[in-house]
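Residue numbers (my numbering), protein chains in the order written: chain A, 16 to 89; chain B, 2 to 406.
The calculated DSBU-like cross-link candidates involving lysine-lysine, where the alpha carbons are at most 30 angstroms apart (straight line), are: (1) Lys31/A - Lys114/B; (2) Lys311/B - Lys301/B; (3) Lys301/B - Lys31/A; (4) Lys69/A - Lys274/B; (5) Lys69/A - Lys114/B; (6) Lys31/A - Lys105/B; (7) Lys230/B - Lys105/B; (8) Lys301/B - Lys105/B; (9) Lys230/B - Lys114/B; (10) Lys31/A - Lys69/A; (11) Lys274/B - Lys397/B.
Which chain B residues face chain A? A few, computed with CB under 10 angstroms, are given here: (12) Lys105; (13) Phe111; (14) Gln115; (15) Thr280; (16) Glu284; (17) Gly349; (18) His353; (19) Arg354; (20) Cys355; (21) Asn359.
These are computed hints drawn from the structure, not numbers from a lab. We put the CB at the ideal spot given by N, CA and C, even for glycine.
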Amino acid sequence: MTAYSQGMRVQLDTEKCQGHNRCYALAPELFDVDDYGTAVLLVEGDIPAELEDKARLAVANCPEYAITIEGESP
Amino acid sequence: MTSIYGPVTDWATDFDHVDPEYNPNAHQIWDDLRENGCPVASSERYGGLWAPLTHEYVREVAYDTENFTSRGVIVSTARPIAEAPIGPAPPITSDPPFHQIARKLLLPPFAPKQIDPWEPEIRTLCRGLLDDMGDITPGESIIDAAVQYAQNIPVNVIARMLGFPTTDDEIFRGFVHDIVENVNVDPEEREAAIGPLDAYLDIQIEEHRANPRDDLTTYLMNVEIDGNKLSHEHVRGSIVLLLIAGIDTTWSAIGSSLWHLATHPDDLERLVKEPELMTFAIEEFLRAYAPVTMARLVAKDNDFHGCPMKENQWVLLPFPAANRDPEFFDDASEVHLDRAENRHAAFGLGIHRCLGSNLARLELRVAVEEFIGRFPAFALDGPVTWSNGQIRGPRKLPVRITALA
Ligand code: HEM
Ligand code: SF4
Numbered sequence: 016m017t018a019y020s021q022g023m024r025v026q027l028d029t030e031k032c033q034g035h036n037r038c039y040a041l042a043p044e045l046f047d048v049d050d051y052g053t054a055v056l057l058v059e060g061d062i063p064a065e066l067e068d069k070a071r072l073a074v075a076n077c078p079e080y081a082i083t084i085e086g087e088s089p
Numbered sequence: 002m003t004s005i006y007g008p009v010t011d012w013a014t015d016f017d018h019v020d021p022e023y024n025p026n027a028h029q030i031w032d033d034l035r036e037n038g039c040p041v042a043s044s045e046r047y048g049g050l051w052a053p054l055t056h057e058y059v060r061e062v063a064y065d066t067e068n069f070t071s072r073g074v075i076v077s078t079a080r081p082i083a084e085a086p087i088g089p090a091p092p093i094t095s096d097p098p099f100h101q102i103a104r105k106l107l108l109p110p111f112a113p114k115q116i117d118p119w120e121p122e123i124r125t126l127c128r129g130l131l132d133d134m135g136d137i138t139p140g141e142s143i144i145d146a147a148v149q150y151a152q153n154i155p156v157n158v159i160a161r162m163l164g165f166p167t168t169d170d171e172i173f174r175g176f177v178h179d180i181v182e183n184v185n186v187d188p189e190e191r192e193a194a195i196g197p198l199d200a201y202l203d204i205q206i207e208e209h210r211a212n213p214r215d216d217l218t219t220y221l222m223n224v225e226i227d228g229n230k231l232s233h234e235h236v237r238g239s240i241v242l243l244l245i246a247g248i249d250t251t252w253s254a255i256g257s258s259l260w261h262l263a264t265h266p267d268d269l270e271r272l273v274k275e276p277e278l279m280t281f282a283i284e285e286f287l288r289a290y291a292p293v294t295m296a297r298l299v300a301k302d303n304d305f306h307g308c309p310m311k312e313n314q315w316v317l318l319p320f321p322a323a324n325r326d327p328e329f330f331d332d333a334s335e336v337h338l339d340r341a342e343n344r345h346a347a348f349g350l351g352i353h354r355c356l357g358s359n360l361a362r363l364e365l366r367v368a369v370e371e372f373i374g375r376f377p378a379f380a381l382d383g384p385v386t387w388s389n390g391q392i393r394g395p396r397k398l399p400v401r402i403t404a405l406a
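The shape of chain B in the complex, shown without the other chains (with noise of 0.2 angstroms):
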């Protein structure tokens, strides 16, 4: 598939978030176009585009849910067929009212006592990852972080908790990739990409309904609103939520941290020798390459700072840029492992806040510790390629291993 519009001609009337230009020059596009005095970047592809690029004003459309809905959440060339309050994935896709409800539902498996008891198991599968590795000789042998490793672990961890064959992890990390990187192709070929998606997981929710037990899918098809079961649609799309919000994102961010300490041995040195640090270090890697960024359809005409957006244009909440704001952040493009101010952005603002926040830490924490655990010393040895549109990661990572713990 490929895209319909050619690369960026200016990035502040030609903002594309899904060139591939983008996201290996992200820090230095938001830096420019700031500096330059363009606060909210804009283009006319998609149907209409704007992208706010400071905490300020990232931080206000967040929190303003009249002016801007979360029907659609995912810049592409459709619109979602879906209608506002509810939307295709609630409630990530649903405004208020309505948001609050689906939401308060899936929040007691995600609070952070439901979660924490799952360490020993995502413990146990890095190692694994790590054995399956091989023999490593230090100096000689080189890795590819992303794929031999960041990349299966947020995908086995969901499986786990929806009670899915953890075997069709390569059929998820598809399902996911058509929905999240394929966008600016055309809509027909786009609304094909979901029908599979769904067809699986009717089998998987019927294959619950035959043999409930405890994971998170049995639990969405018996958790009740005023006393009514979820339709089956909510249900599938709950799922398609889980596995869409927690795979590439998670990935990303595993990514990301993994090639700040390839690139700068200092702080790698430092980490493994104060690991008291981890806290920090790791909400400094989110908040430095901060994986996701959301979007907003424009509910109704507005003006935004001098911006006239149009009800239906796309507005961009880039939380990675808002996470670089020179004016919200001390030395804002320098990563300090043991910054002690960070209201940082990455899991959102708001009533949306991820939902997966405790999850994705503990996933981002127990990778980064196992894998400086084992590899104290690593260090980038070869192209790094960057994926497509508004989740931000290294895709392949290839590291030299220089010392063995």
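Only chain A is shown next, with the shape it has when bound in the complex (with noise of 0.2 angstroms):
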């Protein structure tokens, strides 16, 4: 990495979201639920380095494909 990489973005598609929760159970710090159990994204912009890991996590467990990262194909 050299220090004009850009940080990590996630993008949440809550059309595709079914609720399967799958983000929230793996990186509750940058997914919530909300009453319908629908996943809502809590990080806007660039997420911080320790929790890449995690973003990568949830977006391989997602059944739906729902989540992405900013240029990267799911």
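Both chains come to you apart, so use the hints to assemble them.
Structure below.
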């Protein structure tokens, strides 16, 4: 990584989310759930570097492909 | 009640998931079919049946609510009488746009923050079941982990949530059995199975009308769509659904997970030593031993990858087969307790995602934790009996306990 590299950004497609809640279980620092059990993204913009692994874990466990990392294919 | 169909002659063209040979051998059957270039098995039974077996095809059917209707989700010789989009047991039997309305009503009581507080009560229930097994002598005592343990957990939990007498659990299990297992009998015999359940629920609903309380039944009786309360039939249908959807399924998931541990001593030892693996292990059990195969009816004639599907034929949604598709998962037929990438479809895909998934996961995790917490070593000892039909799990699971905590 260079000093110029950008931080990681996470995107949540609420149309695709069906509330499996894998993200909330695996990365509660990044995802909350609303009263209907649908995911809510907690972090806007770059996420803290120490949460990048958790973000990847959430992506890799969402059955509906609702979570992506900006610039990466799911 | 006996099947009106004989034994399967060929799994590719005479497929029958209710054949007693199916569930015990399902993993092999899917692998053989896929390897022999048959991604969609078929059958003339039940008035026409298709069974897509790859993750891609299962996903495609699950997402396509135009060509496939949920009006019927349990394959049987009969066709459901109630019409789409509502169907007999909303939301599972509903199609868009009504589906979303019926589903939204049920989502709040099953959201994680409503379900998590049940954990201590589920734990107490599991410990009570373990206590009821009496004195265990390591190396000698054999218990039935399906009959004495797994089967009692979901039925008790849902009865408590609904506010029904927990002493009626035998009755619920009988109803569920009649509905989900006796599907290959005469249509009339099948319709007759539903009557007693409706009558039982009418009494429970009446009782709640007289004594409303803080439980799911009262919630369903009070909740409103556009300012109107639900009809009696809608309330009753939703309860039928919760009983049917929540009991055999979770019982099977707990049973299959314990079956795995009883037949894989290394995994059992590892899970006992590394409890932090539990979150991943539970998902891996759900993937490898997904208990639920759903179904759809073909809504309009369509060509599905070369299969001429006709209106009113059945299409199975074998999420368990999708979960073992080697095209989608690395090492699909191996259980890896620490599998980090796991987009399994045990709870379905798309708009009908299991409404009870948060509850089911909680019950499964607590049940496994408490069992291995009490019995850190155990092994299969005797013949296993598997269920019949769309819900797959062990119904008899004799294990010899070899160590106590
Ligand atoms: C491990 C246990 C369970 C498994 C594997 C499971 C699996 C499934 C699957 C695959 C579906 C999708 C149906 C479809 O696509 O047609 C579903 C739907 C449903 N499940 Fe579960 N289930 C389990 C436990 C539960 C529990 C405990 C409850 C509630 C008490 C429940 C309630 C429901 C409901 C209400 C639906 C219908 C949702 C809709 O149509 O929108 N399930 N389940
Ligand atoms: S894992 Fe995916 S589908 Fe599930 S709540 Fe998170 S974003 Fe939604």
